[in-house]
Structure formats: C-alpha cells, structure tokens
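A.B. asks: Heads up: the sequence lines are chains R and L, in that order.
For the first sequence, position 146 matches number 146 in our numbering, and the numbering has no gaps at all.
For the second sequence, position 26 matches number 1026 in our numbering, and the numbering has no gaps at all.
If you're looking for bench data, these hints aren't it; they were derived computationally from the structure.
A hint or two may mislead.
Said to hold, decoys possible - Below, a list of computed lysine-lysine pairs in the DSS-like style, where the Cα atoms sit at most 25 angstroms apart:
#, chain 1, residue 1, chain 2, residue 2
1, L, Lys1125, R, Lys28
2, R, Lys283, L, Lys1056
3, L, Lys1056, R, Lys28
Claimed, not checked - Per the computed footprint, the stretches of chain L lying under chain R, defined by three or more beta-carbons under 8 angstroms from a beta-carbon of chain R, are:
#, segment
4, 1045-1057
5, 1075-1083
6, 1094-1103
7, 1109-1116
Positions of the beta carbon are idealized from the N, C-alpha and C atoms, including for glycine.
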Amino acid sequence: MTESMDKTTAVMNLPRRDARDKLQGRTKYTVDAGGSDVLHAALLRSDVASARITRLDTSAALKMPGVQAIATAADAPGLHGLGIADHPVFADKVVRYHGEPLAVIAAETLAQARAAAKAIIIEYAELPKVLTMAEALSQDAPLVHPDWEDYEILFEGGNRSGNIAWQATVDRGDTDAAFARDDVTIVEGSYQVGRQNHVSFEPRAVVASFEDGRYHIHTSTQAPWTVKSVTAKVLGVPEAAVHVTVPAVGGGFGLKFDCSLEPYATILARKTGRSVSLVNSRKEEMMTCLCRENADIHIRSAVTKNGEIVGRDATVLMDCGAYGGEQVFLTTMTAHTLGGNYKLGSVRIRTKAVYTNTPPNGAFRACNGVYNTFALERHTDEICAAIGMDPFEFRRRTVVGDQDLGATGQVFEGNVLGPMLDQMVAKHPIGKRSDTLPDGRLYGRATTVGTWFIFVGPSAATVILNADASATLVTAGVEIGSGTMMQSLPQIVAANLGIHPDAVIVKTADTDAAGRDLGVGGGRTTVSIGAASEAACADVRDKLLEVASGLLQTKPDNLVLTAGRVEMKGRPGSGTTIRQVVQHAETTIGPISGSGAFTAPGVPAMPGCAAGHFIDAIDVPVFAVHDCEVAVDPVTGHVEILSYRLVQDVGRALNHRAIHGQIQGGVVQGIGYALTEEITINKNGAFDQTGFESYHLPLAGDVLPIEFELYEGAPSIGPLGTKGAGEVPILNVAATLGCAIANATDKKVNTLPLTPPRITALLEGRQNGSNLGHVARLRGGDKR
Amino acid sequence: MGVDFTLNGKPRSFAGDPRTSLLHALRDDFRLTGAKDVCGEGFCGACIIYVDGEPKTSCLLPVGALQGTEITTIEGIGNVDTLNPVQQAFIDFDVVQCGMCFPGMVMTLTHYLKDNPRPSRAEVKAALTGNICRCTGYERIIDAVMSLHNSASGEVRT
Ligand code: FES
Ligand code: FES
Chain R
1 MTESMDKTTA VMNLPRRDAR DKLQGRTKYT VDAGGSDVLH AALLRSDVAS ARITRLDTSA
61 ALKMPGVQAI ATAADAPGLH GLGIADHPVF ADKVVRYHGE PLAVIAAETL AQARAAAKAI
121 IIEYAELPKV LTMAEALSQD APLVHPDWED YEILFEGGNR SGNIAWQATV DRGDTDAAFA
181 RDDVTIVEGS YQVGRQNHVS FEPRAVVASF EDGRYHIHTS TQAPWTVKSV TAKVLGVPEA
241 AVHVTVPAVG GGFGLKFDCS LEPYATILAR KTGRSVSLVN SRKEEMMTCL CRENADIHIR
301 SAVTKNGEIV GRDATVLMDC GAYGGEQVFL TTMTAHTLGG NYKLGSVRIR TKAVYTNTPP
361 NGAFRACNGV YNTFALERHT DEICAAIGMD PFEFRRRTVV GDQDLGATGQ VFEGNVLGPM
421 LDQMVAKHPI GKRSDTLPDG RLYGRATTVG TWFIFVGPSA ATVILNADAS ATLVTAGVEI
481 GSGTMMQSLP QIVAANLGIH PDAVIVKTAD TDAAGRDLGV GGGRTTVSIG AASEAACADV
541 RDKLLEVASG LLQTKPDNLV LTAGRVEMKG RPGSGTTIRQ VVQHAETTIG PISGSGAFTA
601 PGVPAMPGCA AGHFIDAIDV PVFAVHDCEV AVDPVTGHVE ILSYRLVQDV GRALNHRAIH
661 GQIQGGVVQG IGYALTEEIT INKNGAFDQT GFESYHLPLA GDVLPIEFEL YEGAPSIGPL
721 GTKGAGEVPI LNVAATLGCA IANATDKKVN TLPLTPPRIT ALLEGRQNGS NLGHVARLRG
781 GDKR
Chain L
1001 MGVDFTLNGK PRSFAGDPRT SLLHALRDDF RLTGAKDVCG EGFCGACIIY VDGEPKTSCL
1061 LPVGALQGTE ITTIEGIGNV DTLNPVQQAF IDFDVVQCGM CFPGMVMTLT HYLKDNPRPS
1121 RAEVKAALTG NICRCTGYER IIDAVMSLHN SASGEVRT
C-alpha cells in the first residue's frame, strides 16, 4: 500500500496553528484554568533536609478562614517510583529533603491556603544528613533510606545497596587485559557538573475534580498516562477511575515527564467535592525543580599510538536526590552517551544513582547525555594531546560507523558521524585551535561529536475520517511548545491520507479518548506517535480505497490518494473526491476510522554485556557535530561565543523552519548550562538560587544566531525516515564550549558551569573546587 | 471605596486590597490571563502591560497606585480577528514555541517599534533586556522584528 500516497508531500514549512492564540494572550494553559468556583491549594513543605517528624498538627489550620480540607501522609500511604517504589507523596514520619511536602491545604483563596499552611504545627528531631555524593558514599554515611531493602522493586536487575539507589553496568570485552597492554597510553580524567533547572515558564500546575465517581485531572504534563497510573497507585484506586486531560503546556523540557503535583490536588478534590487548583510558585519551582542532576565522572582509556581505543573504563555518579525518580532509569543512558561516539575495543562502565538529602532530580532535554558528552569530549581531547594526534583526525578515524559495535554490543548501521564531520569541515575548514586575539583575549575553537538515542516505547493513535474529508487524530500526545503536535503530526497524517494538514484536527491529549502512550520526551513523539498515526492512517486508507474501488470499478491497488481525491494511478482527474467516497461509505460500511499502534521490540545487547539497564541498546541513534569559536577575557573570565555551528542528523526533515527553531532554542539552553546557570546547595540542603535574580538564564544579548546544516538519509525506523529533532540540539553544547575554552586557556577544563569566577580560578591555577577522589576510589574497589 | 481605572478601553473598578499586584488583579479578578505570572520579580517581562501607554511589569505594580490610569493588556491589543504587525511577523517567522513569554514580547516590541521604527539587531536585543524566553533562543524573534522595518523601507541594517 505504500505507493498509494506521496510521502514527499509531508515536507513543508507548515505554520503552527496555536501561534495566533498564544500571541493574543488567549491560550488557556493549566495556570490559566479556573474561576471563582475553583478552590486553591498550597503545600506545606519542610524547611529541613533530614529529620524525624515528631509532631504534625493540622487542627488549628483546619479552623482558619476559607479552609476546606487538609491532606497529609495518612491520605496517600502508597509509594511510587521508577524501578523502585521509594517515594511517598507526603513525608511520612521522616523528611528526606528541604522542600519535601508535608501537607496540602485547599481553601477558597490562595492567600487563605497559604495562611493555613503557616498555622500547621510541625516539630522535627533533626537527623544527620548527606548533601553530596562524596558524603553519601563515605564510610559509615547515614542512609537516606535505612529501609531500602524493603522497597517494592518495579523493574528487576539493578544492583542496589545503601545510598546507591541503582547501578547499571556495561562489560564488553576484557578491559583489564586492554589496560595491561604494553603498547598503549593510559589517559585518565575526572569531571564534575552541577544541576540545571528547566525553568519552564509555566510552572507545574494542576486542576483536579471529582466527577461522576472518577477523578478528572487537568494538568500541565508531558506524560498523561504516567500521571494516570501514578495517581491511581498512590490513591489506591483503579487506573480506570482517573481521567487526565492536558491543555497547551507552557514549556516542559523533561520537567513534566513525571507525575508531580497531581496527587495532591486529586486528594483534595475528593475530600471537598470541588475543583482544586494547585500551582507551584516560582520559588517552589526553583527550589524543588526536578533538575538535570549534578554528576561526578571518571574516565580512563587505553589508547594505541594510532588512536585505537582498546579499553575504556568509566564511572558515572548521578545524584538522584532524596528519591530515585528518573535517575534510576537514566543510569541506562550512560552506555549510549558516554559509551557512544567512538569505537571501543573493550568497555567497562559503572553508573550509579546516588541518594542524598537534597531535592530529587529528574529528566531534562538530552538528560545525562549533555554532561557525559562534555566529559567524553574533554577526555577525547586529552587523549589526542597525550598521543599527539590532531583532534579532528582522531575523531574522523575513531567515530562509530557502519557495522561497528556500540558499548552494549549493538551493531550500528550506516556511516553517519564520519560524513557529518566531513560536512562540517568542508564548510568551516579548521585553522587555528588557539590564539591570542589583538585585544588580548584568548581565542579557542573546538569541534565535537555527540550520540543521542530515541527510546521509542509504546504509542497508540486513532484517525477518524470525517464526512467533509477532514481527519481527526486522537493520541495522548501533548504540545509542550516544540511544535510536534502542531506541525509534524498533522503533516504526517495529511501526507498519508492525501489531504492538506490544515484539514487534520489534532485532539488535545485525553486519556479517556486516546490509548496508552509513554509521553512527550526524548525526541520520541514524532517517531513513536508518528508511527502509530501512520499505522492508523494505513487502516483508514485500506477501508477508503476498498470503498473507492467499488465506486470507481477498479482494484484498490490501482488507486492513489492525493490532494483530497482518490485517483487512478498516473491519471489525475480520473477519480473522485475523498469526500464523496466517505459519503458513499456511510451507506455501505459506515463511517471510516482506523487505529494504529507502535512500539519497537528493542535492539538486543550482546549477551552478558549490560546489567541494570531498562533498555539494552539504542532504538534510533541520533548524531550531532558541533563546532564553536570563543574569546575568553583573561582578566574577567568572561566568555564571548564568536561563532556556533552544527550539523544535526535528523533522518528526514519534515519542517525545516520548525527544526531551525528547535536548534536555536536548544543550543541556547545548552549555552546557559555551560556558562551561567548555576545551582549551589547550602548547608541546610536548600538551593541558594530561589528566583531569576540569582539563577542566570541566557538573555537576548547573550546569544548569537546558530548556523546549522541538517544531515538527512541516516537509517531510522521513524515514520517517513524521521528522527526527533528537538531533543538533540542541546546535546554537545557544553562539550563544545568546554573544549573551546580549554583550547583558549590551555587549562584542564573539567567542571560546569564555566562561570567567570571558575574561569579566572582556572587561569590563575587555583583549585577549582572539585574533589573527585571518591569516584576514582569507587572505581578501584568495584570490579563487579 | 475602590480603585478606578480604564482597562482595555472600559471603565473598571477594583475593590480588593490595594496592595494586590496588578498582575494578580488582572488574572484572578478580571480573569484576563494573557499577562503571565512567571518570575513575579520584575525580571522576565511575561507580565508586561501598558499603563498610560508605557510598558510596565504588572507583577510589581500595586493596584492602589493606578487610580485614574489607562491600562492596556495583551487582550486589548487589537481583537480576535486582527493581529498587529509584530504579532503577524511572529506568525510569519514561526517563532512561537510554548508561548508563555510572547504576550510580554508583543507588548515590549510593539511599544519599542513605535518610537524606534528602524532599529539595528543590537538595538532590538537591548530592547529585550527585560523579556526572557526559555524556549526560542531569541534570534528568530529578532529575525521577525528585523523583517518589519526592512520590508517597510527596503533598507537592511544589521
Ligand atoms: S512576572 Fe513580572 S516580570 Fe516576570
Ligand atoms: S516561547 Fe516559551 S518562554 Fe518563550
């Protein structure tokens, strides 16, 4: 049936249908829902990082003006989590991080709810705390979860013990033998990176109601089905009793990939019988953000003088904060990010998610790929220096290509990174990598590579072909701002049905209407929901062509859908309109609709290579080559980015202009991560950065136009050969800036963010504050 | 005894606590949710409205100070069927992503271009010092703005 449509019609610069309302201030995000009938909720959060709760008395607060209900741990006893159920909705008996919810209040106004929160009597007995991973892994460290062995395991295979919430391992080949060879140079490096806050402009927000015996959750999420199942689990109700709808989401970037505020509002809706709105204040959002985690990384490589990496041994510690959350799952990614890019003779990787008494972390655009790529690319440049090989030459020789093995033993298809590197230097030949500019600033240039992967997971779609030949697409996909639901999906559906994308109605996410979906994240939406939508369209097409074949007296195989018509192949004007066929169908088979589903069975790892991994190998690899030039002021430590360009592997570009927007936005988020966005945790276990004054987002004056070229044609299982394009632009920004700054300053750049004080400290040869003895120590004692 | 002002061309009155920020009064009492509460501290510009034609961050303005003023919000810029040139340029260049910053962007730039119809790129960036966007990386917004005066005058300045 593939020739019954013209795939090239999917490629166009379709404008966004949601732009007009957004520009007029008419879009109703979750924070804008509500009205006088809605109750407002506020959370009481702990102001200590580790304590036993000795008293929690809500009786006075309950009598405060306007207060309708208060909920505490007794109302939601269940534990949830990813891999391990370690996370209570409310702190129950113990507090494990500063900002942990203790109680939630619903009142007629937000001011009343906040006043009542203050009137709750809470008393603690403080417990010892661990605020850094070095502390958490020290001998005799207090355990964040003394009962860790009793938790329900939701996914088997991760090694756990004490403050190590989860460990994922890769072992391929004999690394010990590789390091023992006498013809290799051994290069070793340690790296440390801080947290990054998503700062989605719409905070996490929810409005919940109790309707006809079911819970209706209207929420700002990327993953409606996760909200549905987690809320049901912690409330102890059947999943079928939870209905999730999602309006326009005001930014996500991964923050909203997990269930967060929804259970609180839902419990209060049940208690009061009213709709309840709960919105994080900006301060709460800053201080309890499920950040990109801070991490400590150690890499050692055994390399021959020809640049062959015969052995690689790496340890990555990811701070999961007080609860495992996404980090448990994300330990899997190291194999494909830090273990990616290059051909490795043998490899051993230990990735540990470590509990600390700090706010939990989460998923953020390209997740640990961003810092693993920073560490890997800095390490690669150090290898080049050690063996005296040009960094471009080294990469050109060593990047993975067709039939090469990935870290977990999967076999890559196609030469992609090599040609992408060639494409970059063809346009921007490499001259000097370091210099001093006439104004005295230090010039540096670097070119890096990056590997990301799209984990597809299950998606479902329904397509209804309406009587007017428009089509309605029903999925659980959410528009978080990237445009996928506004552009790629209508373009895919339209091309499959031979209609214009303007005639494709995209239903907003609703778990009562759409089948299960993993959520919008990781670049999976276009691939996975797109593929399910294509399958649904194929179902529709089969039915439509069957009816048309009766009408037109020809075999379905002879028909093609194009420009709103069913035509005989090669004979434009010979057929009839889709509208007429649909109307005819109403009298023969009834209205036409189709359903489709997608999941990838998963690419297997080499047996015995990977343990504790949620996925063994990469469903869809995505590659990137970045290049930049910087000027570093040796006095102030200020970095100016002189040029930034990249080549991105997109499979097939459906909407060039929309991809441009994702690249510009994603790189700028990476610039913030690399240079200015810093989170420090004080001795109380709280973030020092509580708002926009202290957390430094890039401003218009800090950025530059990103030059880019798209690399098309790399193999992909995505619909029409697509790969997600929104996740990847951020992947090697910190790596590229870090390497360029290292070239400019001739210093060992091994921490992020590279703020002016850090850079001046580097230049002056002062300790830059990173003490990574614990990572190297772990490696030595851990050969499992 | 309330505070009286003109809101999007209509006389309105606010009877609540005069220390309430204009942003909260707009969003909660008048249910005009176009101005966004993002930072609440005057840094991001998502809450920008006009008071007597001048852009102000409404999160920092107590309603009590607004007696007799004329307030215009994003909802008061044109109507459902009309877009101003800045809004149209943003559509033409496909620059909107999550959209949360755009009501403020439109207010700032519409006002700025009235007094500075032919700014350079650097001048547009300077005009956006008080408007933060987390999604777009700004440059496409600047491209859209530059198209406006370039098409009007045929002149290209960078
Ligand atoms: S909300 Fe007013 S400036 Fe940010
Ligand atoms: S479009 Fe999302 S903050 Fe600007």
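A.B. asks: Compare the structure with each hint and give your call.
C.D. replies: Hint by hint, here is what the structure shows:
1. L:Lys1125 / R:Lys28: It is violated: about 29 angstroms lies between the C-alpha atoms, which goes past 25 angstroms.
2. R:Lys283 / L:Lys1056: With a Cα-Cα distance of about 22 angstroms, the restraint between R:Lys283 and L:Lys1056 holds, given a limit of 25 angstroms.
3. L:Lys1056 / R:Lys28: holds, 23 angstroms
4. 1045-1057: violated (count 1)
5. 1075-1083: holds (count 5)
6. 1094-1103: holds (count 10)
7. 1109-1116: Not satisfied, violated; 0 residues make the cut.
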